[in-house]
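2 protein chains.
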Amino acid sequence: MIMDNYRPLILITNDDSINAPGVHHLAECVRSLGDVFVVAPASPRSGQSAAMTVGSPLRIKEVESTQEGVRLFTVDGTPVDCVKLALHAIVPRRPDVVFAGINHGSNSGVNVTYSGTMGAVLEGCIEGIPSVGFSLMHHSMKADFTLSTAFVAAIAAEVIAHGLPDGVCLNVNIPARVMPEGIRVCRAAHGKWVDGYKRYVDPHGVPFYWLTGKFVNFEPEATDTDEYWLQRRYISVVPVNCDPSARNEIKTLADRFDAK
Amino acid sequence: MIMDNYRPLILITNDDSINAPGVHHLAECVRSLGDVFVVAPASPRSGQSAAMTVGSPLRIKEVESTQEGVRLFTVDGTPVDCVKLALHAIVPRRPDVVFAGINHGSNSGVNVTYSGTMGAVLEGCIEGIPSVGFSLMHHSMKADFTLSTAFVAAIAAEVIAHGLPDGVCLNVNIPARVMPEGIRVCRAAHGKWVDGYKRYVDPHGVPFYWLTGKFVNFEPEATDTDEYWLQRRYISVVPVNCDPSARNEIKTLADRFDAK
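Chains A and B are the protein sequences, given in the same order. In short: position in the first sequence from 1, add 166, done, that's the numbering used here. In short: position in the second sequence from 1, add 166, done, that's the numbering used here.
Heads up, a few of these hints could be off.
Any copy will do: because identical chains look the same in the list, a pair fits if it lies in one copy or spans two.
Claimed, not checked - Cut-off 30 Å, straight-line C-alpha distance, at most; resulting in silico cross-link-like pairs (BS3-like, lysine-lysine):
1) Lys358 - Lys227
2) Lys227 - Lys417
3) Lys380 - Lys227
4) Lys364 - Lys417
5) Lys308 - Lys417
6) Lys417 - Lys358
7) Lys364 - Lys227
Derived from the structure by calculation, the hints contain no laboratory data.
Put together the whole structure using the sequences plus the hints.
This is the structure we're talking about:
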């Protein structure tokens, strides 16, 4: 519950770096809702999941902002580093929310596992702060974020006003190049990436490999998944458990393993 | 079900690199159970979660093995890269299991999120392969892994023989410096890392920060957590959901968000 006269503190990060338009668009969508601190990686960190920097130090740099009510910082680390270091050394009080994105590219389905955007969101959730990741299904740095502005602002305002269940954060994906039909809360579609690597041979005859491939949805018929609703031009909102323990399996597995 | 005359293929990786004793001890624990391929990072990759390398190429190098039935390879990437590239270009047939570890250090509680060991295990699980991460609660490269050998071999044999539930992998943590009392299947304790960074000032007067801190268990009284059983000298086995969707929350959140 937000009190009168209180300005919520909104911490924003991403994984595409401070130079990506998506993070500045997200700040613009929410800056009327509170004091905004953007703390973003100094360079792109896509596919970094919840990786954190343990073997080397990190630096913080404030950079000039052109948006009123928005301060901008870089950290030369991962999205998780940005959230951790923001809480430790940048923001003047505990954030009311952590938002990540808007990512240039989908984080639907299995991508939630690899996503640096969602890594930052998990970090916010571990800290007990309501946290949401936003991703647009378009990789281009010239992607048009404006069609979903009202939806992003509405989701952000709802989370700022009423929080989220303990231990649960949100993975929001936005269809590209269309005015969204609406919002659907759903689960992640099961699938994986296939045809994983392009093979090259260097001038010395030694092979090397570059990650590629395409996402395959294992359950295209299921009507309760993010992939299903995104294809129908809806914004998907997947609630994500911070604790991945499979509690339903404990009893059955105990019968197999406890006696070993 | 494993047929007579069939040699299971066991894919092993870790996040401490090919130079860490733990991965070779794990290979030794299980090499009587099948053909072992160790595909490990060329350099340490702790805290890498499910990060993958998207912006640069990867190389594979086979290195000499002194263990019969064990082949050793390095990939100059993350634990997830190791599993992906092993499946794509190294192993001669689909692995029957993916094992990661034995990690030098705990991956209990919230560490499951940051762990490169468990990132590799999630990748195996996404591929539909029964996958288990093993971690010893001792960071030293000279840690003694021998006290738990029989338990590790028993867990590995059980998973090879009977698999795991779809979409579920295991996070196994092993108490250090003691003969384990037994095994307990349980859930991850809730907690987080506090006192996050040590602050330095460089010769030019500019501050920099190095990650540190200690893990705080939010629920030390709970008797169904990994932290509880590890303190009592048991090996903890936490079943982990590959899909983090919080299905129980979908209906309640739909009432809040679908109409936005």
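Right, here's what the structure says about each hint:
1. Taking the shortest Cα distances, lysine 358 and lysine 227 sit within 30 Å of each other only across copies (26 Å), while inside one copy they are farther apart (37 Å).
2. Taking the shortest Cα distances, lysine 227 and lysine 417 never come within 30 Å of each other, neither inside one copy (50 Å) nor across copies (42 Å).
3. When the C-alpha separation of lysine 380 and lysine 227 is checked against a cutoff of 30 Å, the pair qualifies only between copies, where the shortest distance is 26 Å, while the shortest distance within a copy is 36 Å.
4. Taking the shortest alpha-carbon separations for lysine 364 and lysine 417, neither the intra-copy value of 43 Å nor the inter-copy value of 42 Å comes in at or below 30 Å.
5. Taking CA atoms no more than 30 Å apart as the test, lysine 308 paired with lysine 417 passes in neither setting, with 50 Å inside one copy and 35 Å between copies.
6. When the C-alpha separation of lysine 417 and lysine 358 is checked against a cutoff of 30 Å, the pair qualifies both within a copy, at 28 Å, and between copies, at 26 Å.
7. Taking the closest pair of Cα atoms, lysine 364 and lysine 227 come within 30 Å of each other only across two copies (17 Å); inside a single copy the shortest separation is 37 Å, beyond that limit.
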